[in-house]
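Take the sequences, apply the hints, and build the full model.
2 protein chains.
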Amino acid sequence: MIVLKSPKGWTGPKEVDGYKIEGNFRAHQIPLAVTATTPPEHLQLLESWMKSYKPEELFDEKGQLLPELAELAPKGERRMGANPHANGGQLLCELRMPDFRDYAVKVAVPGADGEGDTYVCGRFLRDVIKENQDKRNFRIFGPDETVSNRLDIIFEATNRQWVAPIVEHDEFLAPTGGVMEMLSEHQCEGWLEGYLLTGRHGLFNCYEAFIHIVDSMFNQHAKWLKASAELPWRREIASLNILLTSTVWRQDHNGFTHQDPGFIDHVVNKKATIVRVYLPPDANCLLSVMDHCLRSRHYVNVVVAGKHPAPQWLSMDEAVEHCTRGIGIWSWASNDQDCEPDVVMACSGDVPALETLAAVSILREHLPELKIRVINVVDLFKLEKSTEHTHGLNDHDFDALFTINKPVVFAFHGYPWLVHRLTYNRANNINMHVRGYKEEGTITTSFDMTVLNEMDRFHLAMDVIDRLPQTGSKGVYLKQQLQDKLIEHKQYIRANGKDMPEILNWKWAGVHGS
Amino acid sequence: MIVLKSPKGWTGPKEVDGYKIEGNFRAHQIPLAVTATTPPEHLQLLESWMKSYKPEELFDEKGQLLPELAELAPKGERRMGANPHANGGQLLCELRMPDFRDYAVKVAVPGADGEGDTYVCGRFLRDVIKENQDKRNFRIFGPDETVSNRLDIIFEATNRQWVAPIVEHDEFLAPTGGVMEMLSEHQCEGWLEGYLLTGRHGLFNCYEAFIHIVDSMFNQHAKWLKASAELPWRREIASLNILLTSTVWRQDHNGFTHQDPGFIDHVVNKKATIVRVYLPPDANCLLSVMDHCLRSRHYVNVVVAGKHPAPQWLSMDEAVEHCTRGIGIWSWASNDQDCEPDVVMACSGDVPALETLAAVSILREHLPELKIRVINVVDLFKLEKSTEHTHGLNDHDFDALFTINKPVVFAFHGYPWLVHRLTYNRANNINMHVRGYKEEGTITTSFDMTVLNEMDRFHLAMDVIDRLPQTGSKGVYLKQQLQDKLIEHKQYIRANGKDMPEILNWKWAGVHGS
Numbered sequence: 153m154i155v156l157k158s159p160k161g162w163t164g165p166k167e168v169d170g171y172k173i174e175g176n177f178r179a180h181q182i183p184l185a186v187t188a189t190t191p192p193e194h195l196q197l198l199e200s201w202m203k204s205y206k207p208e209e210l211f212d213e214k215g216q217l218l219p220e221l222a223e224l225a226p227k228g229e230r231r232m233g234a235n236p237h238a239n240g241g242q243l244l245c246e247l248r249m250p251d252f253r254d255y256a257v258k259v260a261v262p263g264a265d266g267e268g269d270t271y272v273c274g275r276f277l278r279d280v281i282k283e284n285q286d287k288r289n290f291r292i293f294g295p296d297e298t299v300s301n302r303l304d305i306i307f308e309a310t311n312r313q314w315v316a317p318i319v320e321h322d323e324f325l326a327p328t329g330g331v332m333e334m335l336s337e338h339q340c341e342g343w344l345e346g347y348l349l350t351g352r353h354g355l356f357n358c359y360e361a362f363i364h365i366v367d368s369m370f371n372q373h374a375k376w377l378k379a380s381a382e383l384p385w386r387r388e389i390a391s392l393n394i395l396l397t398s399t400v401w402r403q404d405h406n407g408f409t410h411q412d413p414g415f416i417d418h419v420v421n422k423k424a425t426i427v428r429v430y431l432p433p434d435a436n437c438l439l440s441v442m443d444h445c446l447r448s449r450h451y452v453n454v455v456v457a458g459k460h461p462a463p464q465w466l467s468m469d470e471a472v473e474h475c476t477r478g479i480g481i482w483s484w485a486s487n488d489q490d491c492e493p494d495v496v497m498a499c500s501g502d503v504p505a506l507e508t509l510a511a512v513s514i515l516r517e518h519l520p521e522l523k524i525r526v527i528n529v530v531d532l533f534k535l536e537k538s539t540e541h542t543h544g545l546n547d548h549d550f551d552a553l554f555t556i557n558k559p560v561v562f563a564f565h566g567y568p569w570l571v572h573r574l575t576y577n578r579a580n581n582i583n584m585h586v587r588g589y590k591e592e593g594t595i596t597t598s599f600d601m602t603v604l605n606e607m608d609r610f611h612l613a614m615d616v617i618d619r620l621p622q623t624g625s626k627g628v629y630l631k632q633q634l635q636d637k638l639i640e641h642k643q644y645i646r647a648n649g650k651d652m653p654e655i656l657n658w659k660w661a662g663v664h665g666s
Numbered sequence: 153m154i155v156l157k158s159p160k161g162w163t164g165p166k167e168v169d170g171y172k173i174e175g176n177f178r179a180h181q182i183p184l185a186v187t188a189t190t191p192p193e194h195l196q197l198l199e200s201w202m203k204s205y206k207p208e209e210l211f212d213e214k215g216q217l218l219p220e221l222a223e224l225a226p227k228g229e230r231r232m233g234a235n236p237h238a239n240g241g242q243l244l245c246e247l248r249m250p251d252f253r254d255y256a257v258k259v260a261v262p263g264a265d266g267e268g269d270t271y272v273c274g275r276f277l278r279d280v281i282k283e284n285q286d287k288r289n290f291r292i293f294g295p296d297e298t299v300s301n302r303l304d305i306i307f308e309a310t311n312r313q314w315v316a317p318i319v320e321h322d323e324f325l326a327p328t329g330g331v332m333e334m335l336s337e338h339q340c341e342g343w344l345e346g347y348l349l350t351g352r353h354g355l356f357n358c359y360e361a362f363i364h365i366v367d368s369m370f371n372q373h374a375k376w377l378k379a380s381a382e383l384p385w386r387r388e389i390a391s392l393n394i395l396l397t398s399t400v401w402r403q404d405h406n407g408f409t410h411q412d413p414g415f416i417d418h419v420v421n422k423k424a425t426i427v428r429v430y431l432p433p434d435a436n437c438l439l440s441v442m443d444h445c446l447r448s449r450h451y452v453n454v455v456v457a458g459k460h461p462a463p464q465w466l467s468m469d470e471a472v473e474h475c476t477r478g479i480g481i482w483s484w485a486s487n488d489q490d491c492e493p494d495v496v497m498a499c500s501g502d503v504p505a506l507e508t509l510a511a512v513s514i515l516r517e518h519l520p521e522l523k524i525r526v527i528n529v530v531d532l533f534k535l536e537k538s539t540e541h542t543h544g545l546n547d548h549d550f551d552a553l554f555t556i557n558k559p560v561v562f563a564f565h566g567y568p569w570l571v572h573r574l575t576y577n578r579a580n581n582i583n584m585h586v587r588g589y590k591e592e593g594t595i596t597t598s599f600d601m602t603v604l605n606e607m608d609r610f611h612l613a614m615d616v617i618d619r620l621p622q623t624g625s626k627g628v629y630l631k632q633q634l635q636d637k638l639i640e641h642k643q644y645i646r647a648n649g650k651d652m653p654e655i656l657n658w659k660w661a662g663v664h665g666s
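Protein chains in written order, with the working numbering: chain A, 153 to 666; chain B, 153 to 666.
Just so you know, the hints here were simulated from the structure itself, not pulled from any lab data. Heads up, a few of these hints could be off.
[What the hints assert, rightly or not] Selected chain A positions facing chain B (Cβ under 7 angstroms, derived; list incomplete):
no., residue
1, Lys-172
2, Asn-176
3, His-321
4, His-364
5, Ile-365
6, Asp-367
7, Ser-368
8, Asn-371
9, Lys-375
10, Asp-412
11, Asn-421
12, Lys-423
13, Tyr-567
14, His-572
[Stated by the list, open to error] DSBU-like, lysine-lysine: derived pairs with alpha carbons at most 35 angstroms apart:
no., chain 1, residue 1, chain 2, residue 2
15, A, Lys-537, B, Lys-537
16, B, Lys-642, A, Lys-214
17, B, Lys-650, A, Lys-423
18, B, Lys-423, A, Lys-642
19, A, Lys-558, B, Lys-590
20, A, Lys-537, B, Lys-631
21, A, Lys-157, A, Lys-206
22, A, Lys-537, B, Lys-523
23, A, Lys-172, A, Lys-157
24, B, Lys-558, B, Lys-631
25, A, Lys-378, B, Lys-631
[Unchecked claim] Residues on chain B that point at chain A, a partial pick, calculated with CB under 10 angstroms:
no., residue
26, Tyr-171
27, His-321
28, Phe-370
29, Thr-409
30, Phe-415
31, Val-420
32, Lys-423
33, Gly-566
34, Lys-590
35, Glu-592
In this text, all values refer to a predicted model and were calculated from it rather than measured experimentally. Idealized CB from N, CA, C, for every residue including glycine.
Okay, structure coming up:
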């Protein structure tokens, strides 16, 4: 390596208009302006600057570079732009992928107990590491949170790479390892970007609330992907995969400070050809989504998933279909198969799915004549029009799902306005009622976080009643019961410091009232 | 200052389940879990840990802290939470403010030549610095861009504070000064946050594209403001004022890399009581907005303004009215005073205002029978419903401005979807057609940046024709002329490396065709 230290603005004009330029901060700006309105001395300065390179020694009388100088330039792959290390897609080897279906959790009935979705996904990632260990082309990056994000099972296959001495009681540290950890989201994201650019593969896992730290870095990478995709000689590289967990709804012990699901708002503004956002509702869906993301090229994939034990909804076969579609009716939770729905209850994200299904079971128990359609959205861009994003549904398919005139109560993982931003130009826009995070919280219980933001089962059920006057007196009485439930909840958590048993132990009990 | 260095988890359990806790990384997590399902030894460990503090030496038999120990706690203002330096609003002195009207630029007719809006604002800020120099309670922070953002006139009143040696050719550096510069957006924003928390006032100026670097820091400050506003004993502090310039539409020399107007998308997700966003279209409006922001308390104010010479639209009296309203019809540009408009042309931001007015002048020249209403939005939250943000218009006022059934062609400074996110639930939502930045660009001319993103005058005029079939053949022929203009533009900039004279020299010529 040669290190050349030179003055800023070296060989440029030394002084302009009495100001020092070369070797001075002014060389950072335009050193010498030559326009119709600048003094004529500037033109002379420019001429003598240009002549200082002695063009007569460099070019022949036709203005052609002398052959002996042209000869100095490297040839073929030694040219900087043609070096395969600067065009990493040329060096990219496919990952060897274990079959994600082999990691499926059993879901005998919807609502089966889960181990934590990222925990399950960890087994799959562990084996991705194993399968590719000889190629050394897959790494997992994270700001000190691999264990906290419940991916620790990957340490069965690898270690954290650690260059400092290893002392007693250290864990999973080694001079080489497939996990790169540093408590700096900047460093981790930058490492991964560079790693991908050399033709390798990786995953960045991060607390959801802290990913905004790399907003600006994501920006530049997304812009680079967009611009490089327009150059025919640039080969595609592996996608920048970001797994967000420790999410807004289950960071109750950190109250108000660790809640910000808005990274995806930032992501959706980038070029539609580059960005993808997935919100798998359970472990089998997460496995299917993760497999897809790791195989994909030249995207930024953002995956939002839970880490705590939570109910599981879909068998692996169902999950593959659901995630491949990206959006769909959960018919086992719906009862409008033979008629028009009275209301559509949509959800996106794991906790919103849970609260929606709990609301559906309340409504179907108390108002069994109500026809409810339940929709889950895994691939967020399905909501946008097909003219705006290649994943978007066309109006025909969107209207078929969401209807053109029925109320839609939508529980969303993030800020509710993102759903409106994606659906403002759909026929049923006026009936879209979205609940999500609206910057409320304190150190409280998990369920209370949803209550404070009015995305809990009781508020969702009340939202339905409010939009269906045909529920009449039965609706009015049920609404008051639900209001009382919320009061009971507040009193209970204050007295007991934990959620009510009926919340903690709630299970989807299948088909009420049908 | 006393520096105490202690082992992590000091005095906690030394070892749990065979793992070292005290003095180890595990002390960062829950050191000891005691739940219904953990082994009973954990309860014993907890008891001996708690007893290690010897409560019998600290509390009497009633469980009351011993008086001699209670006596050790500081009293009154020496208590940490009651120290006025930890509750800066108690120390806050009003800024002495020069009258911003004294810095007005003359606008004899709309479209008068300007000097650059931030340049004009610099004179006002210079005098804010002067007026408060003895109090030392106002500072301007920026990542090395005070000159580039054309606020350099403030150096008539102060210097950059500089603690390193000062060498020949350095400029505006001094051991004390009112300007804090470091090429780190993090550092500058952090400095300002801390400065405000001590009860003082300030302004952070930044390139628009780079402000995403502090997304996460802004987040935490906005959350702090929201939470502290709920505590009755916390006094309000001065607002965090962010001036964004060197904006998307005039960063053409940096092509595609320096364009991201999405910080305001991030800001609008925070609590409505805390955040404000202003897009003054000219220098007099910027003066009025800046005066308001510097006087305000406990907000985050984001002001987006241009720095390059650009047309001026409003006299100071008009600017004060317009900015106080926050939104309004520009009647001098409209011709629907006596009837319904055929189309509403709305704009927010300086370049969008310019392109909208240029489009209006094309339309009024060629289709003089067309009735056009021109609306400018300074205060972005005026677009949102009054139920969502205190600045929001109620439906009655919004519908009066934007109509409930006429096409609206809206040229917006930022990502177009932000306007949809704010207006999705307005009666005229279906007719809102928004142009803005959609991640297109290259190193090109200023005007071409608007063309690439289809926010230029020609596209805006075509957007109007597309939505007004009643323009008939005249509309069709005009549309083809405009398409030809765009082709001519492309050829001209390729051949000449600059914009066409008719673009560079365009002026608002007042009332065509009326």
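ask   = Which of the numbered hints are not met once you compare them with the structure shown?
value = none
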